[in-house]
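Those protein sequence lines, which keep their order, are chains B and Y.
Position 138 of the first sequence, counted from 1, bears residue number 138 in the UniProt record's numbering, the numbering being contiguous throughout.
Position 208 of the second sequence, counted from 1, bears residue number 208 in the UniProt record's numbering, the numbering being contiguous throughout.
Everything labelled a hint here was simulated from the structure, so no lab data went into it.
For clarity, every value in this text was computed on a predicted model and none was experimentally measured.
Cβ coordinates follow ideal geometry from the N, Cα and C atoms, glycine included.
Keep in mind that a hint or two might mislead.
If we take Cβ atoms under 7 Å as the criterion, some of the chain Y residues that face chain B in the derived model are [unchecked claim]:
#  : residue
1  : 88
2  : 89
3  : 90
4  : 92
5  : 95
6  : 101
7  : 102
8  : 105
9  : 166
10 : 172
11 : 176
Number of protein chains: 2
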Amino acid sequence: MTLKLFELVGTDAARPFSPFCWRIRMALAHKGLAAETIPWRFTEKSAITPYSSEKVPVLLDGDTAVCDSWAIATYLEDAYPDRPSLFGGDGGRAMARMINAWGDVTLVAGLAPLIVADIVKLLGPDDTAYFRKSREARFGRTLEEVASTRDSAVEGFRKSLDPLRLTLKAQPFLGGAAPNYADYIAFGGFQWARAVSDFALLKPDDPVHAWRGKLLDAFGGMARNSGGYPV
Amino acid sequence: MTLKLFELVGTDAARPFSPFCWRIRMALAHKGLAAETIPWRFTEKSAITPYSSEKVPVLLDGDTAVCDSWAIATYLEDAYPDRPSLFGGDGGRAMARMINAWGDVTLVAGLAPLIVADIVKLLGPDDTAYFRKSREARFGRTLEEVASTRDSAVEGFRKSLDPLRLTLKAQPFLGGAAPNYADYIAFGGFQWARAVSDFALLKPDDPVHAWRGKLLDAFGGMARNSGGYPV
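Starting from the given sequences, assemble the full structure and let the hints guide the process.
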């Protein structure tokens, strides 16, 4: 068994920063599965074309290639049923789908304008050109213009975390007493942010801040020791 | 075994309209449990004071009283383990907590300004006076002022449903192939809305619209036949 994971990096191959790759890196650790990392950059599309994907994460498990973080998570759950569960049963697997959607449209999309201008600092020249052009087209503004309002925009972002915050006031993790894939979905966004930006997303007294710290420490501090700014 | 449920109504005792009571009414049906309804109105605080609650739902199960919809749902799951599960396992129970928080802060709070002015039409004089005073204090505006912007505000509400919508594009229910408590959390908000208001919340081609229709039809059309406007 040799697992390999394509992970998004910039000039520093030891500092993976994709929120979606981090969901899977945490999921692999949760299942106690070692995976070789294959550093991948925005302009290396050809490296993953054989797997019919234009984005990472892409997981290779022997002859099997799986693309898209949600598909990879469910693949891991099914392929390694004797390892700790990512979902805690069928109900959890179904509900994690909505938490995954919340993670995409509220968390990741809400984080993007706050940190996107910092991402170019991690990239080499080719990636910088690609990234700036594609993201400025998406936002309809320069990256610097997007970032210019972040001191006020962060207030709305913090408010958008209320469903996460209220849950963490009632229980230690989204997964209950211990973290599971629901936590990794949300944590991926925060690990992305700290990998690329020193912008302060959370107030120190926010329950989300304490929860993030516990996940940074999980698995021997794997996320905390993978590059990024202190939070 | 005699279950009794205090349910919020107005002048029509057969038209319960609280989003939180509807979560429990659906949960009871899911578990195949009959429950006698005790119609309760905003100004009847004294009727539930013995149960240390100021709000409904309150469930009475013999000598046991349980207050708050989340506490009632978990009570039902634990007290009736041989009935169909509301959560589909421990993972689902944990993750439903975040969906519950999303249902409160995004769905119910997002719906409120769109329909609050219509609620008084269902109420008798005492309840109307109480409701108008307490809600206008909460909003800092008259109910009519709150409602005056709903034609534009509904756009933001629809957008806020994206996590629900994206999930329903991938699977039939939040609970997976069949509905469970995650669905009832969200559905409670929509049933509240149609019980009190004819304001069109959803476009007909929205996957959320089709999902709502399936839940209106569930349990022999229980929700559809409990009063309210066609949707």
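Hold the hint about residue 95(Y) up to the distance rule: shortest CB distance to chain B must be less than 7 Å.
For residue 95(Y), the interface hint holds, since the closest Cβ of chain B sits about 4 Å away, which is under 7 Å.
Classify the hint on residue 172(Y) as holds or violated, based on whether any CB of chain B lies nearer than 7 Å to its CB.
violated (10 Å)
Regarding the hint that residue 89(Y) lies at the interface with chain B, is the smallest CB-CB distance below 7 Å?
Since chain B brings a Cβ to about 2 Å from residue 89(Y), closer than 7 Å, the hint holds.
Supplied contact hint for residue 88(Y), tested at 7 Å Cβ to chain B
holds (2 Å)
Hinted contact residue 92(Y) with chain B - closest CB pair below 7 Å
Residue 92(Y) check passes; min Cβ-Cβ to chain B is 2 Å, inside 7 Å.
If you take the shortest Cβ to Cβ gap from residue 166(Y) to chain B, is it below 7 Å?
Since the shortest Cβ distance to chain B is 4 Å, the answer is holds.
Would the hint on residue 90(Y) stand, with a C-beta cut-off of 7 Å toward chain B?
holds (5 Å)
A closest beta-carbon separation below 7 Å is what the hint needs, so does residue 101(Y) meet it against chain B?
Since chain B brings a Cβ to about 4 Å from residue 101(Y), closer than 7 Å, the hint holds.
Let me know if the C-beta of residue 105(Y) comes in closer than 7 Å to any C-beta of chain B, holds or violated.
Check passed: Cβ of residue 105(Y) comes within 4 Å of chain B, closer than 7 Å.
Interface hint for residue 176(Y), Cβ within 7 Å of any Cβ on chain B
holds (3 Å)
Using 7 Å as the Cβ threshold, decide whether residue 102(Y) counts as touching chain B.
holds (4 Å)
Comparing the model with each numbered hint stated earlier shows that hint 10 is the single one that does not hold.
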